[in-house]
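Chemist: Same order as they appear, the protein sequences are chains A and P.
At position 22 of the first sequence (counting the first as 1) the number is 24 in this note's numbering, and the numbers step up by one without a gap.
At position 449 of the second sequence (counting the first as 1) the number is 492 in this note's numbering, and the numbers step up by one without a gap.
Hints are computed from structural coordinates only; laboratory data are not their basis.
It cannot be assumed that every hint is accurate.
As the list claims (entries may be wrong) - Chain A stretches covered by chain P per the calculated footprint, using a threshold of three residues with CB under 8 Å from any CB of chain P:
(1) 18–24
(2) 28–39
(3) 52–63
(4) 73–81
(5) 150–156
(6) 191–201
Quick reminder that beta carbons are idealized off the backbone N, C-alpha and C, glycines included.
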Amino acid sequence: MEPLTRVEGLVAPLDRSNVDTDAIIPKQFLKSIHRTGFGPNLFDEWRYLDEGQPGQDCSDRPLNTDFVLNQPRYQGATILLARENFGCGSSREHAPWALADFGFRVLIAPSFADIFYNNCSKNGILPVALPVETVQSLFEATWAHEGYRLSVDLPGQVVMTPEGERHAFEIDPHRKHMLVEGLDEIGLTLEHADEIRAYEQQRRQVTPWLFTDVEPV
Amino acid sequence: MAGKTLYDKLWDAHVVRDNGDGTALLYIDRQLVHEVTSPQAFEGLRLADRPLWRVAANLAVVDHNVPTTGRADGIADPISALQVETLNRNCREYGVTQFGLLDRRQGIVHIIGPEQGATQPGMTVVCGDSHTSTHGALGALAFGIGTSEVEHALATQTVVQARSKRMLIRVDGQAGPGVTAKDIMLAIIGRIGTAGGTGYAVEYGGEAIRALPMSGRMTICNMSIEAGARCGMVGVDDTTIEYLRGRPYAPSEEMWDQAEAYWRTLVSDEDAEFDRVVTLDAAEIKPQVSWGTSPEMVVAVDGVVPDPADEPDETRRAGMQRALDYMGLEPGTPIREIRPEKVFIGSCTNSRIEDLRAAARVLRGKRIAKGIREAMVVPGSGLVKWQAEQEGLDQVFKEAGFEWRDAGCSMCLGMNPDRLSPGERCASTSNRNFEGRQGAGGRTHLVSPEMAAAVAVAGHFVDVRELEH
Ligand code: SF4
Numbered sequence: 003m004e005p006l007t008r009v010e011g012l013v014a015p016l017d018r019s020n021v022d023t024d025a026i027i028p029k030q031f032l033k034s035i036h037r038t039g040f041g042p043n044l045f046d047e048w049r050y051l052d053e054g055q056p057g058q059d060c061s062d063r064p065l066n067t068d069f070v071l072n073q074p075r076y077q078g079a080t081i082l083l084a085r086e087n088f089g090c091g092s093s094r095e096h097a098p099w100a101l102a103d104f105g106f107r108v109l110i111a112p113s114f115a116d117i118f119y120n121n122c123s124k125n126g127i128l129p130v131a132l133p134v135e136t137v138q139s140l141f142e143a144t145w146a147h148e149g150y151r152l153s154v155d156l157p158g159q160v161v162m163t164p165e166g167e168r169h170a171f172e173i174d175p176h177r178k179h180m181l182v183e184g185l186d187e188i189g190l191t192l193e194h195a196d197e198i199r200a201y202e203q204q205r206r207q208v209t210p211w212l213f214t215d216v217e218p219v
Numbered sequence: 044m045a046g047k048t049l050y051d052k053l054w055d056a057h058v059v060r061d062n063g064d065g066t067a068l069l070y071i072d073r074q075l076v077h078e079v080t081s082p083q084a085f086e087g088l089r090l091a092d093r094p095l096w097r098v099a100a101n102l103a104v105v106d107h108n109v110p111t112t113g114r115a116d117g118i119a120d121p122i123s124a125l126q127v128e129t130l131n132r133n134c135r136e137y138g139v140t141q142f143g144l145l146d147r148r149q150g151i152v153h154i155i156g157p158e159q160g161a162t163q164p165g166m167t168v169v170c171g172d173s174h175t176s177t178h179g180a181l182g183a184l185a186f187g188i189g190t191s192e193v194e195h196a197l198a199t200q201t202v203v204q205a206r207s208k209r210m211l212i213r214v215d216g217q218a219g220p221g222v223t224a225k226d227i228m229l230a231i232i233g234r235i236g237t238a239g240g241t242g243y244a245v246e247y248g249g250e251a252i253r254a255l256p257m258s259g260r261m262t263i264c265n266m267s268i269e270a271g272a273r274c275g276m277v278g279v280d281d282t283t284i285e286y287l288r289g290r291p292y293a294p295s296e297e298m299w300d301q302a303e304a305y306w307r308t309l310v311s312d313e314d315a316e317f318d319r320v321v322t323l324d325a326a327e328i329k330p331q332v333s334w335g336t337s338p339e340m341v342v343a344v345d346g347v348v349p350d351p352a353d354e355p356d357e358t359r360r361a362g363m364q365r366a367l368d369y370m371g372l373e374p375g376t377p378i379r380e381i382r383p384e385k386v387f388i389g390s391c392t393n394s395r396i397e398d399l400r401a402a403a404r405v406l407r408g409k410r411i412a413k414g415i416r417e418a419m420v421v422p423g424s425g426l427v428k429w430q431a432e433q434e435g436l437d438q439v440f441k442e443a444g445f446e447w448r449d450a451g452c453s454m455c456l457g458m459n460p461d462r463l464s465p466g467e468r469c470a471s472t473s474n475r476n477f478e479g480r481q482g483a484g485g486r487t488h489l490v491s492p493e494m495a496a497a498v499a500v501a502g503h504f505v506d507v508r509e510l511e512h
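Required output: the full structure, derived from the provided sequences and hints.
Modeler: So this is what it looks like as structure tokens:
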């Protein structure tokens with residue numbers, strides 16, 4: 003995973019609450035067996051006027067020009083501004099894959115759904131939760147100023163506006179460490195393989211039936 | 044010191060190590076695997092040349108992509124077929140037990156886990172699917188994970204987790220006739236909202252929950268995620284234990300007594316403290332129908348479509364308006380005047396044998412109304428289907444004009460050919476009414492199996508309690 007420390011970039015405002023992962027990446031694209039290539043289908047049903055199919059070339063599909071990500075002023079955005087409960091619904095990791103593939107590295111919203119939040123940080127995307135009023139003020143600034151940019155400093159845990167405001171945010175130390183270093187979590191866990199084995203051994207004594215193998219009956 | 048909640052007991056029993064940064068390495072007893080969220084995980088393992096930690100802790104099944112008719116001929120859609128074939132290949136290569144497309148035990152992953160006794164009280168259960176919360180009904184700690192975590196669990200038999208806060212949702216009293224587990228859960232979501240459970244592990248308790256059979260408890264726990272909670276659970280009691288007896292993967296006879304004694308401890312202590320307690324009175328809950336594009340947008344069947352003008356919060360008001368536009372509904376319309384064209388009985392929320400029996404009870408001797416273009420029953424597993432056929436339920440459905448399909452996720456998400464066309468309105472026993480969930484432009488109303496059967500007969504929503512059956 004690519005390390006993420008500081009992101010300075012253009013902001014795109016998605017003014018909807020409860021954006022679910024079905025909307026972020028519709029089901030037909032979940033048939034892929036790969037991790038990449040989801041970017042063109044991010045928000046597919048909102049972005050295009052026709053119904054998208056997997057494997058299709060999206061470059062000549064009819065665009066919904068009203069949709070915010072299709073507006074010229076937001077092209078190249080790397081920071082997505084959203085409303086509460088962003089990423090609710092299905093656990094599909096295809097949602098952060100699509101956001102990352104499209105180019106987003108930071109998401110800012112008042113709140114995120116749990117599984118989605120987790121999935122983001124495993125894919126080099128930083129979800130930043132800020133108070134509702136702060137998010138509202140960022141929406142207003144983004145709408146008001148074309149080319150509005152923010153700077154997000156993960157080690158310092160702060161979002162900085164061009165006006166010089168600093169909005170601190172919370173992130174648990176584990177997630178921060180993984181993101182900043184771009185670490186492989188499985189590799190880290192396997193450093194504790196002995197502890198996993200010791201745990202299993204002790205559990206085999208107490209609850210032996212849990213170690214009955216699932217085999218074809 | 045206060046006692047422990049069920050969640051605390053399950054959590055404490057599975058901590059391999061405290062990472063010292065607010066997270067812990069949690070041991071996973073059972074991982075369920077399906078074709079949609081696993082290919083990239085196996086690909087990752089292969090690239091890093093990592094083996095599975097404990098092969099036999101995993102059970103795989105194909106469910107999301109599979110056709111519900113004409114299975115013997117294979118899968119027509121080549122992209123779906125490739126994904127199913129990829130799971131077959133991964134399971135063969137890594138030695139994971141899989142119920143394939145033509146296996147009688149095949150079905151929706153959250154139906155077959157409990158049905159096989161493969162998910163049990165006291166276990167940690169994960170699956171790359173948010174409705175893994177279903178298995179919490181057995182007194183397990185069960186939650187959905189993303190594909191990176193699927194890979195992590197396959198390779199290490201653990202996941203890295205932060206402890207959740209604890210919420211108790213207590214449903215007191217007795218639910219009236221015609222009021223099901225689905226109605227109770229929709230009422231809960233209507234009350235606390237789709238983000239109400241975010242950050243919490245939810246335990247369901249109270250007289251009305253205790254009175255539910257396992258199928259109803261699974262319906263409740265299943266939709267915990269629609270309330271924002273990753274996991275939902277119900278403490279172990281006689282109902283739980285009787286349910287498990289004799290299931291293929293349940294503990295053997297020699298270990299049964301020991302297992303049962305342990306399971307009996309899997310309840311919250313009397314003096315356990317929760318971070319939040321929500322109480323509802325079951326007697327006040329009526330059959331529910333969702334009107335919008337989020338599971339919290341729900342009202343009682345005798346209600347009307349709400350008016351965004353009455354909502355003070357601006358963002359919420361805009362959300363309601365969007366939902367009404369999408370659903371093609373006007374504020375103030377009585378729910379009873381809404382006329383779906385399709386009816387779907389199925390999904391991991393409501394496709395167990397008890398659900399089919401309940402729907403069949405309403406349908407017996409009746410026909411679907413003229414305006415209903417398609418009505419479909421998709422049993423949760425091949426075994427549910429078989430059981431229903433033994434009881435003659437398939438005949439009741441077919442005589443009423445329903446299609447009787449093979450098991451799978453089907454129109455719950457429409458990854459297979461079963462889906463809604465733009466503008467089509469559907470009464471569905473599934474769990475999500477998001478835009479496009481059942482097909483691009485499709486309009487979903489979430490209801491119980493009884494209510495779905497009732498609307499099929501009437502052609503518009505009706506209060507199932509007023510139907511004679
Ligand atoms: S039935 Fe629906 S909700 Fe359940 S696992 Fe399948 S797609 Fe997901």
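Chemist: Check the structure against each numbered hint from earlier and tell me which ones fail, lowest number first.
Modeler: Per hint list: 4 and 5 violated.
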